[in-house]
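Undergrad: The listed protein sequences derive, respectively, from chains A and B. Just so you know, we're using the working numbering here: the first sequence kicks off at 1 and counts up by one. Just so you know, we're using the working numbering here: the second sequence kicks off at 502 and counts up by one.
Honestly, the hints are just simulated from the structure, not real lab data. Predicted model only: the values in this text are computed from it and were never measured.
Derived pair list, reagent style DSS-like, types lysine-lysine, alpha-carbon separation capped at 25 Å:
(1) 428/A with 598/B
(2) 507/B with 425/A
(3) 594/B with 425/A
(4) 641/B with 385/A
(5) 453/A with 546/B
(6) 635/B with 385/A
(7) 385/A with 594/B
(8) 635/B with 380/A
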Amino acid sequence: MGFEQIMVEVLKTLNIEFIFLIAMGVFIGLVVGALPGLTTTMGIALLTGITFKFSGHSAIALLMGLYVGGVSGGSLSAILVGIPGTPANASSTQDGFPLAMAGKGAQAITISRMASIIGTLFGIGCLAFLTPLLTELALKFTSAEFFLVGLFGVLISGALTGGDIALKGWVAGIFGLAIGMVGSDELTAWQRMTFGSPELFGGIPFIPIMIGFFGIPQVVEALTDEHDVLVAVLDKTKVKLKDITKYWWVAIRSGLIGVGVGIIPGVGEDVASWTSYGVAKKSSKHPEEYGKGSIEGLVAAETADNSCVGGAIIPLLSMGIPGSPPAAVMLGAFLIHGVRPGPMLSFEFPAFTYQAVSWLLVATIFMRFFAMWLARPMQKILQIKNAILMPIVTVLCAIGAFSLDMRFIDIILVFVSGLLGLLFKQGKYPAAPLVLGIVLGPLVDTNFRRALKASGGDFSIFFTRPVSLILVISIILLILGQLGVFTKIKAMFTKTRTAAS
Amino acid sequence: MIDESKGRLRSLDVFMGLGFLAVAAFVAYDGFVAYYAPQLATVEKSSNPGVTTLFIAGLMGVFGLAIAIIGMLGSGRPFRIARQAVSETLQSKAFYKGIIALACIAVYFFVFWGRIPYVISTFLFLAGTMAIFKAGAWWKIVIISGITVTVVWYVFGVLAMIPLP
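Just chain A, same shape as in the assembly:
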């Protein structure tokens, strides 16, 4: 498809209807993101259920608007009340809230908005530039590589989000893979782990699981929490462009970190913003200001989590492997709407990447305006009691899951996965690898067996191709590194050298 044809396709999906839907998505995203307890992932899962009757592209445009708005919206509550709206904005709380408490709330919001815009634009630029390149690479992949990329994604996501111990992230991811394999096998139609229930023959539906896993624990936790919310007062300080351009290097570096983390499967915005914040603090001339209201720290955190949005969509569109939990839910939404991300996307919908870029650009423009307009009303909204908000969220969770297939089993799944989510939270098991595991289950399963079939059952197929070999070595190094083998070896050498000297 030539450039002109692509532009025609892009313009087709930039009419009033699409612009209105994107604006609505950004608005909903900002509100969902700003309300502590409602995450972007949950918002996308809920809206997928609600928009399943929309035409494919328009629903996806709306969800992309929500993704951009959600990640950005979380900073509003992070700055105004010191509680991050989403995990992605936890690092923004470090400096945003102290700034607001020092009477610079409006300044902090404006700077965080500017940083969000810079980050989102950076991510969009990388999305437009890198997706075709990665698609070219993915087209050369065989089943062995796809299996290893899927497995590597689950393991690295587990390692980077594990928090307590990496093993918890890994087991969560593998558990997700097992859930993803429930139902009719794609190659032989054999029923796996269905307990003979016909309702599970088509597999465990992804959206009700996500709604339950993210929604119910938040509802229960919020209803048990009695803390009063302290809302900062907004000032009327004007922020000039030069107030942020002096941090141009921090913004570029954070943008790169955000996109880089975004491309890593299933890791997401929270890791991006904390990594960027940590790097910025380490290399800052004034590290002592961090945590006390450093504008540099706020720029680093906000640029990274927003650039991660574009970064997370790159592997989703090029390989069908999501770069973050919200992108994983979006993959589910893509499939519901008949868009199958991956290398074949460039043949089935050649202009899709550029359409996505244009939707994200429109979303960024709306985000710029909505975020400032919403700042003052949000001061009031953030004071709504959890006892009012959470029952409403529960109703939306139920109807969102039910509206997909109108089956009662989806309501049961919401409840069961909610209990599982509570258990995971108690045990400090990360959600991101589980989500990634569920969506990648079928990909890992079919490609593993296709690779083995192609090689006649010979496992050397996973070591003899260059990309496969690199991935296998990466997996081994990742596991050994997380188990502390290298640290122990280093310590042993140091001990030996000290003893010898």
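Once you have looked at the hints, place chain B on chain A.
TA: Chain B only, in chain A's frame:
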């Protein structure tokens, strides 16, 4: 001396690790059933659906066991710590609030859903839960619940044409 919260987390790890081990055993059983299923005799062994299931079960089993061992070593006395944690949890107000919240959701999902018309059941759930968790004056609760039900019914039942239960 082990930090108390760390000790409790490790104690929970023992049980969750064993839980994952049990899930892995079930997944492995399902894998074996598929691998030796007579209906799949014509399918090449390398592409048998049981192959991936067994691979996943193996990984989950190893990781689950490792977590249980780390938990055992880290907590020292996991069962005693668990017993103490359970008795303390049973005395906490937050735990009962959580149970009540879950009970409200369970009643809405499993008792009301499909048995009482959607609009009435949702109104009852909203008003009941808000009242239990002291959201405000009764008339405020009635107004908020009424508005929410109307909006949800209009958006889903009328605009999206979803057959509400």
